[in-house]
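S.K.: Each chain is listed here by its residues.
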Amino acid sequence: MTRRVSERRRWSFTILAWLVALVIFFPILWTILTSFKSEADAIASPPKFLFFDWTTENYAEVQARSPYFRHFTNSVIISIGSTLLGLLIAIPAAWSMAFQPGKRTKDLLMWMLSTKMMPAAGVLIPMYLLFRSSGLLDTRFGITFVLMLINLPIIIWMLYTYFREIPSEILEAARMDGASLKNEIVHVLTPMAVPGIASTMLLNVILAWNEAFWTLNLTTSKAAPLTTFIASYSSPEGLFYAKLSAASTMAIAPILILGWFSQKQLVRGLTFGAVK
Amino acid sequence: MATRHQKTLARFMVAPSVLLLLGWMIVPLAMTLWFSFQSYNLLSPGMEQFIGFTNYKYFLSDPAFWTAMANTLMIVGGVLAITVIGGVVLALLLDQPIMGQGIVRILMIAPFFIMPTVSALVWKNMFMNPVNGLFAWMAKAVGAQPIDFFAQYPLMSIILIVAWQWLPFATLILLTALQSLDSEQMEAAEMDGAGAWSKFTHLVLPHLSRAITVVILIETIFLLSVFAEILVTTNGGPGYASTNLTYLVYSQALLQYDVGGASAGGIIAVILANIVAIFLMRMIGKTLE
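These protein sequence lines map, in sequence, to chains P and E. For reference, each letter of the first sequence is one residue, going 1 to 276 in my numbering. For reference, each letter of the second sequence is one residue, going 277 to 565 in my numbering.
None of these hints come from the bench; they were simulated from the model. Note that this is a predicted model, so its numbers are computed, not measured. Some hints here could point you the wrong way.
Unchecked claim - DSS-like cross-link-like pairs, simulated, lysine-lysine; straight-line CA separation at most 27 angstroms:
hint	chain 1	residue 1	chain 2	residue 2
1	P	Lys264	P	Lys106
2	P	Lys48	E	Lys416
3	P	Lys182	E	Lys475
As the list claims (entries may be wrong) - If you anchor each label on the Cβ, the simulated ranges turn out as follows:
hint	chain 1	residue 1	chain 2	residue 2	range
4	E	Ala291	P	Arg10	54 to 64 angstroms
5	E	Leu309	P	Asn183	47 to 57 angstroms
6	P	Arg132	E	Pro406	31 to 41 angstroms
Even glycine gets a Cβ: it sits at the ideal position worked out from N, Cα and C.
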């Protein structure tokens with residue numbers, strides 16, 4: 001008797017969960033489907049779900065309308081560049097705070113995190129004017145540097161929470177065996193730290209890829225990543241749903257795939273280790 | 277015991293991060309503060325002069341400011357209500373023994389990875405458009421009048437879009453917290469004859485309280501500065517109906533070239549965020565212990 005009830009319960013929860021998941025996912029699915037329709041099919045009423053003439057012409061047109069690959073390349077360079085630059089600066093800091101914490105380490109970490117809470121509106125104007133006067137507006141270097149700065153606190157925190165889990169006895173043992181600091185870092189610490197560094201990198205590439213305040217305000221065309229490119233579709237020209245969908249699909253596909261790999265790290269990274 | 281040598285080394289390793297963040301925090305913020313006391317318009321360069329608190333007076337007495345303030349709070353409050361309540365419900369659902377849980381999770385988390393400009397434009401055009409959108413078609417199919425979302429309910433439409441992006445985040449964090457709930461404790465409660473509701477209020481909810489706090493505080497930081505979703509859908513309109521503080525500062529500075537007034541707005545945004553931040557820092561500080 002109990003068995004039958006729990007079997008039924010299992011089925012009803014399964015169906016409910018799938019329904020909810022499909023509703024939440026539907027806008028993305030719909031965008032992907034629409035990207036393969038003709039513009040006429042894209043606004044057909046009643047809507048065409050699967051039975052339409054599948055076409056890839058939108059993808060070609062999006063590229064013709066504006067150089068999609070340039071924006072894609074910009075997104076790749078900016079998100080990976082800002083993450084690598086951030087790691088370069090953050091790894092030594094996180095390493096020393098995790099293994100040689102001082103009295104003020106905790107305060108320092110908190111202060112670093114607090115910089116993340118400064119609203120962009122509070123610094124938009126000086127950043128814009130500084131960028132304008134130094135010729136950094138619409139340059140890849142400029143936007144990469146800013147994204148590195150806004151993600152630096154998260155990178156440090158994530159690395160710190162990972163490094164802290166490396167048992168320090170191992171380092172002491174290596175030191176006892178006479179390992180130099182260089183050897184200690186290269187042969188002992190690095191292999192143990194790689195998974196943490198990798199997930200920090202993954203999450204920050206995603207954050208930088210989707211960042212849409214500074215990219216929209218500090219880039220226009222030459223250095224514009226996909227966020228800015230997609231925003232150019234906000235003023236519609238004739239029928240454009242299928243083209244918008246094609247552009248959107250290309251903009252979200254790479255990061256969606258990366259994102260699915262990063263689910264676990266996402267929780268711990270974005271809650272600064274408060275929820276694991 | 278750390279030697280002096282090691283201590284010096286540690287300082288060197290932390291220094292670049294500290295200096296960069298210090299510069300990032302102090303230089304622009306000081307400039308914003310300075311501009312906020314100036315009469316400074318990009319259209320009339322060379323005319324800058326010190327005018328004390330006049331910008332603040334204008335900004336605070338502008339009805340647009342209070343509308344923007346109310347909208348900011350509405351966005352934060354609305355999205356939080358949807359995502360926290362929805363997140364708890366969805367986390368409880370996902371915690372059940374369901375088939376294909378991995379795929380369900382993957383589908384549910386997806387909106388979080390969509391860039392804001394994409395999700396806003398997709399929702400605006402393909403769903404909420406009063407002529408060609410899917411919602412309009414659904415309304416017509418049941419014989420109702422299609423809703424012109426962005427004309428009639430601009431702020432609510434933006435709240436819906438932003439909530440769709442953040443619901444997965446809340447769900448994922450609450451689910452992670454839920455999975456660390458002690459199953460023995462749950463079984464013991466069942467033995468004692470506790471019903472589903474009393475288990476929820478006495479065991480589950482207290483266990484989730486910390487995760488819920490984290491969700492609220494982290495979402496608040498991001499929600500206070502919602503920007504792209506407004507820029508690509510309503511441009512803050514109609515009128516100021518969907519302008520929040522961040523968007524107001526942006527439009528004052530980069531559309532109306534009023535650097536002084538916008539800076540005063542920026543400083544007010546900083547103060548607002550600081551009030552929130554104080555709570556957040558306290559909370560995270562506790563988890564460090």
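S.K.: Now look at each hint and say whether the structure bears it out.
M.R.: Evaluated hints:
| no. | hint | verdict |
| --- | --- | --- |
| 1 | P/Lys264 x P/Lys106 | holds, 25 angstroms |
| 2 | P/Lys48 x E/Lys416 | holds, 16 angstroms |
| 3 | P/Lys182 x E/Lys475 | violated, 54 angstroms |
| 4 | E/Ala291 x P/Arg10: 54 to 64 angstroms | holds, 57 angstroms |
| 5 | E/Leu309 x P/Asn183: 47 to 57 angstroms | holds, 48 angstroms |
| 6 | P/Arg132 x E/Pro406: 31 to 41 angstroms | holds, 39 angstroms |
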